[in-house]
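Chemist: Here are the chains, one letter per residue:
There are 2 protein chains.
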Amino acid sequence: MKGIWNKIIRVDLTTNNISVQSLDESTWRRYLGGSGLGAKLLYDEVNPKVDPLGVENKIYFLTGPFCGSAIPTSGRHAAVTKSPLTGVFAESDIGGYWGNELKKAGYDGIIIEGKSEKPVYIYIEDDEISIKSADSIWGKHTIETDEILKTQWTDDIQVMTIGPGGEKMVKYASIMTDGKDSRALGRCGIGAVMGSKNLKAIAVKGTKSIEYHNPEKLKESIREIAQGVRENGKGLNNYGTAGGVIGHESYGNFPLKNWELGRWPEGAEKISGQRMTETILTGKYRCKSCIIACGRIIKIEEGPYKGVEGAGPEYETLGMLGGMCLVDNLEAIAFGNELCNKYGIDTISTGASIAFAMELFEKGIIDETTTGGIEIKFGDEKVLIKLIEMIGKREGFGEILGEGVRKAAEIIGGNAVEYAIHVKGLEPPAHDARAYNGLALSYATSNRGACHVAGFTHGYERTNTFPELGYDKPHDRHSVEGKAEFVIKFQNLMGVVDSLKVCKFGISTGIKIKSLVEWLNYVVGWEDYTPEELLMAGDRIYNVKRLFNVGCGVSRKDDTLPLRHQTFKREGEGVVVNLPPIGRMLSEYYDHRGWDEIGIPKSEKIDELNI
Amino acid sequence: MKGIWNKIIRVDLTTNNISVQSLDESTWRRYLGGSGLGAKLLYDEVNPKVDPLGVENKIYFLTGPFCGSAIPTSGRHAAVTKSPLTGVFAESDIGGYWGNELKKAGYDGIIIEGKSEKPVYIYIEDDEISIKSADSIWGKHTIETDEILKTQWTDDIQVMTIGPGGEKMVKYASIMTDGKDSRALGRCGIGAVMGSKNLKAIAVKGTKSIEYHNPEKLKESIREIAQGVRENGKGLNNYGTAGGVIGHESYGNFPLKNWELGRWPEGAEKISGQRMTETILTGKYRCKSCIIACGRIIKIEEGPYKGVEGAGPEYETLGMLGGMCLVDNLEAIAFGNELCNKYGIDTISTGASIAFAMELFEKGIIDETTTGGIEIKFGDEKVLIKLIEMIGKREGFGEILGEGVRKAAEIIGGNAVEYAIHVKGLEPPAHDARAYNGLALSYATSNRGACHVAGFTHGYERTNTFPELGYDKPHDRHSVEGKAEFVIKFQNLMGVVDSLKVCKFGISTGIKIKSLVEWLNYVVGWEDYTPEELLMAGDRIYNVKRLFNVGCGVSRKDDTLPLRHQTFKREGEGVVVNLPPIGRMLSEYYDHRGWDEIGIPKSEKIDELNI
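Here the protein sequences come in this chain order: A and B. The first sequence begins at 0 in numbering that gives the first Met the number 0 and counts up by one. The second sequence begins at 0 in numbering that gives the first Met the number 0 and counts up by one.
Just so you know, the hints here were simulated from the structure itself, not pulled from any lab data. Even for Gly, the Cβ is constructed at its ideal location relative to N, Cα and C. Don't take each hint at face value.
Capping the alpha-carbon separation at 30 Å, the derived lysine-lysine pairs in DSS-like fashion look like this [claimed, not checked]:
#1 B/K256 x A/K556
#2 A/K179 x A/K269
#3 A/K556 x B/K406
#4 A/K601 x B/K256
#5 A/K6 x A/K204
#6 A/K601 x B/K362
#7 A/K568 x B/K601
#8 A/K604 x B/K376
#9 A/K117 x A/K6
#10 B/K472 x B/K503
#11 A/K298 x A/K179
#12 B/K406 x A/K48
#13 A/K556 x B/K472
#14 A/K179 x A/K503
Negatives, chain A to chain B, calculated, CB over 12 Å [stated by the list, open to error]:
#15 I17
#16 L22
#17 P118
#18 E124
#19 K131
#20 S132
#21 M168
#22 G205
#23 E330
#24 E398
#25 E467
#26 G481
#27 S507
#28 E572
#29 V574
Taking the hints into account, I'd like the entire structure generated from these sequences.
Modeler: See below:
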């Protein structure tokens with residue numbers, strides 16, 4: 000195999016034992032890398048019943064075969080573990096430069112096991128791998144940690160670190176990379192797992208180059224596709240993901256007031272990517288090997304939020320800290336975003352948890368006696384920021400909100416559960432299940448909970464086509480017919496994309512299945528890899544994640560939608576009233592997946608996939 | 000007021016205090032009697048958080064204003080309490096002769112409070128009410144108890160009693176009346192509440208006659224409707240409720256194999272009412288004042304089930320002990336039915352629990368180590384009967400099954416929960432939610448859990464019309480449009496029917512709203528009672544039950560369907576594949592009910608109803 004070192008570091012923090020291992024070529028071929036390979040290793044090595052924050056849980060950081068190459072959007076890596084937020088399979092996928100640096104150091108991934116007695120970080124410089132005391136960085140926020148380690152070693156290193164959120168094991172703590180540019184392994188609380196192991200950071204410096212099977216043909220094939228990606232990515236380049244706010248709000252996809260409000264056009268306009276471009280934007284950020292550059296760089300030079308400098312808020316963050324909390328001050332959101340990044344907590348779950356608290360307060364289910372005297376009202380940016388800090392520090396009422404909405408509702412009791420919007424414990428991101436039946440089904444069935452990127456279907460339900468999967472026109476977003484098959488095809492494809500490690504925006508701007516297969520053959524040298532094998536790998540990857548979840552106790556009862564999205568009509572001008580018929584879609588989904596009636600993969604299916 | 004004594008006995012079993020109380024006329028007018036009045040008293044007197052089997056729970060036995068009159072099908076009473084099976088509002092409604100006897104004794108109802116130190120029964124003979132030792136009947140089955148008390152007192156008494164199931168507090172223990180004719184207050188485990196109070200039975204003898212406001216007009220009005228009821232009730236008279244087996248099976252309404260199988264025509268034919276008529280039927284049974292006589296009297300004279308004599312199995316019992324368990328031997332079912340009646344356990348929950356165990360065994364979720372060595376297979380009549388006995392005696396694995404499927408699944412663990420078919424802890428009866436969207440919505444919203452008689456809609460979704468409610472033709476059973484309003488109208492009406500105390504078969508065979516109102520005016524003397532006031536009383540009654548449930552913690556999360564009926568397609572010749580879109584229907588239901596988005600009655604609604 001070329002393009003893959005076939006070297007995975009394994010660090011046991013209990014024993015301080017460090018080793019490097021290789022895998023069978025067949026394992027690579029069947030799981031490819033990234034979260035697919037991570038899922039396979041998790042499934043093989045970790046008992047699904049373990050305490051996610053206990054010593055027996057492991058974290059798998061994996062790059063993909065494309066990482067380090069010039070393949071557009073391939074500068075990515077994944078983290079896989081059992082989630083402390085959901086209690087089931089967790090993955091998170093990230094761009095930036097850390098994955099590329101690990102690859103340059105001569106590795107495809109790193110597995111973290113055990114638990115260190117004292118706070119440590121791991122330092123990797125090519126063949127040298129060491130465990131270092133984290134005394135100088137423990138307690139520091141993420142950007143500071145990046146700076147301290149760079150000062151201590153060299154500016155050339157790439158640092159992946161948790162903040163105080165991860166150290167204190169906030170259930171949705173993130174892991175951050177790229178310093179001020181703040182890329183996040185955001186979802187599922189993987190940062191808390193890192194914190195539970197007393198592992199503050201992994202810093203990497205690499206100087207190696209990897210060989211490809213057919214670099215010339217690879218280059219040529221990339222060239223063929225690159226121009227189109229660049230062209231189609233112009234909108235993302237111009238306004239970032241934030242450019243979607245106004246559009247998504249206009250038809251009822253943008254989250255508002257804990258998913259209760261129909262429209263909010265004035266608010267959306269004020270926090271849009273267009274507004275950001277006109278006001279606080281100072282530059283654009285691109286991940287390694289990216290030709291789109293959707294990242295935002297901002298600076299706030301005056302006013303109460305003066306001093307914010309670095310990564311600007313993404314669409315999801317604007318949705319969750321903005322729309323969900325009805326906060327329409329872009330600078331306040333940017334400040335909140337930076338706080339989340341510094342504390343190392345997921346902006347999506349943070350915003351969802353705060354919006355949840357706002358609704359409970361409005362409905363009288365909680366009051367100042369629960370919140371420690373804070374009046375928590377929708378639209379109050381000061382309260383938003385105060386609560387972000389309290390969550391990040393796990394202080395006072397922030398400790399309850401830092402459990403995520405599912406657990407927080409349990410703690411609060413009464414009817415709080417009715418306002419806790421989640422699937423399998425994961426709060427949905429800034430896309431409304433009522434706006435897309437396929438998205439709804441994806442939320443219900445995604446292995447990590449309410450996730451919009453596992454299927455990444457919604458674009459293909461409204462505007463985009465995907466002829467290679469048989470969709471010459473968008474799949475009507477409110478149709479039910481054929482929706483299960485549609486979702487499954489995309490979930491399988493996107494699982495492969497997360498394993499090869501390219502960005503989904505690469506796919507949505509023009510990278511084709513044909514290209515992925517060609518590149519895989521040119522990079523690795525499997526000259527006979529076909530689109531069919533690729534999609535079968537996607538199916539296998541989806542199923543191995545499901546099998547881990549089955550071990551966690553997941554079955555049909557968990558494949559559901561938040562009750563609000565099942566029963567509460569979203570109404571407003573331009574909003575098509577829709578309540579996804581999840582029962583029927585799920586029934587068809589199981590049939591197409593080859594799962595039994597409670598969602599357990601049938602043994603024939605498992606055999607067929609050679610898991 | 001005429002037709003109502005306005006005398007309700009209150010017995011405190013802790014203090015042995017016995018009193019008789021009256022209520023405001025306005026309370027009668029607003030709640031009428033039966034389960035409506037019971038619900039109002041429960042709501043006013045019992046903290047919804049009490050332990051259903053604790054000393055603070057109460058039981059309300061209430062007749063209605065029509066009970067004791069010649070109004071067709073009015074020989075009925077109701078029991079209301081908090082259910083130990085579901086943890087929410089419980090009611091059960093019954094025909095027979097006991098209610099009539101209580102009315103003749105000069106009372107409209109009896110309230111049981113507290114808990115006796117030792118087993119007792121209550122004996123009522125007109126003005127004499129006493130608490131007696133139950134030494135001679137404790138431990139006896141229901142028919143034996145009836146015989147012993149009749150021997151001890153006189154054949155003229157009417158006995159309502161629990162069996163060993165109620166004494167041992169099987170969670171779905173019933174209360175039985177009418178000796179061998181075995182009428183049951185079957186659902187929700189009210190027998191266990193009686194058992195928890197050490198109350199074995201209530202025996203009554205009455206000699207009084209009540210006056211009616213306008214007996215002549217009442218008689219005339221009854222005459223006008225009676226012939227039609229008799230005519231329309233011929234099918235029920237001919238074959239009993241059991242006559243429905245073949246028809247309901249033919250289109251996928253009859254429960255099969257824990258709701259997993261599509262068709263079973265051979266089986267249905269073998270256990271049908273038609274077959275019963277040809278074989279073991281010896282007579283027909285009519286409740287007091289009934290002109291339909293749907294009850295069956297049977298006798299088995301030979302074979303392994305020789306000795307069965309008395310009440311034959313109803314449609315529901317044939318569905319639950321027969322179809323659900325795939326037992327196609329009518330005599331075995333009749334034997335099982337008699338056993339359930341003797342032990343005093345609900346045939347519906349019993350059959351459901353056994354079918355649940357059969358599926359778990361088939362799926363390998365339980366095996367002989369759990370069941371105490373019993374191989375539990377679908378279709379095995381010997382096992383069916385053995386398990387009924389074990390449940391009735393609360394022995395071995397029967398103790399787990401006697402908890403009902405929801406709790407049993409919790410105890411068994413693993414994926415057992417996926418096969419536990421219930422709503423709010425109550426197992427659905429022998430009608431399939433997938434066959435009728437209105438029934439589905441009724442199951443989801445009925446105050447006592449998955450109940451088909453609270454709305455009693457299904458007949459009006461396929462064959463019957465109800466012009467007085469605006470339904471000149473049946474409401475298409477698979478439609479969604481207008482279904483919420485349709486269900487609410489019927490739930491409100493049927494709530495009144497259960498309060499006035501007439502039989503729903505009276506309604507389905509021709510008693511009109513107009514007649515109910517006329518009779519109410521002629522009986523009681525409220526000359527200005529209107530259909531509008533009647534239906535508003537129905538709305539009030541539905542809401543007072545809901546309010547009690549809200550106090551128990553019920554909200555939208557509980558208004559759901561079993562997952563199997565939401566996601567598992569029932570297929571087969573003649574079966575229309577349908578998965579009820581419960582989310583949409585529920586949303587519309589709440590709107591029409593004047594409830595908020597989590598199903599809590601709004602304060603305006605409560606005020607409007609004058610609860």
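Chemist: Take the hints in turn and mark each one as holding or not.
Modeler: To see whether the hints hold, each was checked on the structure:
This hinted pair checks out: B/K256 and A/K556 have alpha carbons roughly 20 Å apart, not beyond 30 Å. A C-alpha spacing of about 24 Å is found between A/K179 and A/K269, which places the hinted pair at or below 30 Å, so the restraint holds. For the hint linking A/K556 to B/K406, the alpha-carbon distance of about 16 Å falls within 30 Å, and the restraint holds. Pair hint A/K601 plus B/K256 holds up; C-alpha atoms about 21 Å apart against a cutoff of 30 Å.
A threshold of 30 Å between alpha carbons decides the hint, and for A/K6 with A/K204 the separation of about 16 Å falls inside it, so the pair holds. A threshold of 30 Å between alpha carbons decides the hint, and for A/K601 with B/K362 the separation of about 12 Å falls inside it, so the pair holds. For the suggested pair A/K568 and B/K601, the alpha carbons sit about 18 Å apart, so the restraint of at most 30 Å is met. In summary, the hint linking A/K604 to B/K376 is supported, as the alpha carbons are separated by about 27 Å, within the 30 Å threshold.
The straight-line distance between the Cα atoms of A/K117 and A/K6 is roughly 27 Å, inside the 30 Å bound, and the hint therefore holds. For the proposed pair B/K472 and B/K503, the alpha carbon gap of about 19 Å is at most 30 Å, so the pair holds. At roughly 11 Å between alpha-carbon atoms, A/K298 and A/K179 fall within 30 Å of each other, so this suggested pair holds. With a C-alpha separation of about 22 Å, the suggested pairing of B/K406 with A/K48 holds against the 30 Å cut-off.
A hinted pair counts as satisfied when its Cα atoms are at most 30 Å apart, and A/K556 with B/K472 does not qualify at roughly 37 Å. Straight-line distance between C-alpha atoms of A/K179 and A/K503 comes to about 23 Å, which keeps the hinted pair within the 30 Å bound. No Cβ of chain B comes within 12 Å of the Cβ of A/I17; the nearest lies about 39 Å off, and the non-interface call holds. Taking the minimum C-beta to C-beta distance to chain B, about 32 Å, the non-interface status of A/L22 holds against the 12 Å cut.
For A/P118, the non-interface assignment is confirmed: its Cβ lies about 38 Å from the closest Cβ of chain B, beyond the 12 Å cut-off. Consistency note on A/E124: stated as away from chain B, and its beta-carbon is indeed over 12 Å from all of that chain's, at 48 Å minimum. The claim that A/K131 is not at the interface with chain B holds, since no C-beta of that chain comes within 12 Å of its own (minimum 44 Å). Here A/S132 stays apart from chain B, with its beta-carbon at least about 44 Å from theirs, past the 12 Å limit.
Separation of A/M168 from chain B is adequate, the least Cβ-Cβ distance of about 28 Å exceeding the 12 Å criterion. For A/G205, the shortest C-beta to C-beta distance to chain B comes to about 46 Å, beyond the 12 Å cut-off, and the non-interface label holds. Remark: the non-interface label on A/E330 is consistent with the geometry, its nearest Cβ contact in chain B lying 33 Å away (cut-off 12 Å). Distance check on A/E398: its Cβ is at least 25 Å (rounded) from any Cβ of chain B, clearing the 12 Å threshold; non-interface status holds.
Separation of A/E467 from chain B is adequate, the least Cβ-Cβ distance of about 30 Å exceeding the 12 Å criterion. Interface exclusion of A/G481 from chain B stands, the closest Cβ pair being 16 Å apart, more than 12 Å. Listed as outside the interface, A/S507 is consistent with that label: its C-beta sits roughly 29 Å from the nearest C-beta of chain B, beyond the 12 Å cut-off. Every CB of chain B is more than 12 Å from the CB of A/E572 (nearest about 20 Å), matching its label as outside the interface.
No beta-carbon of chain B comes within 12 Å of the beta-carbon of A/V574; the shortest separation is about 14 Å.
The structure shown violates just one earlier hint, number 13.
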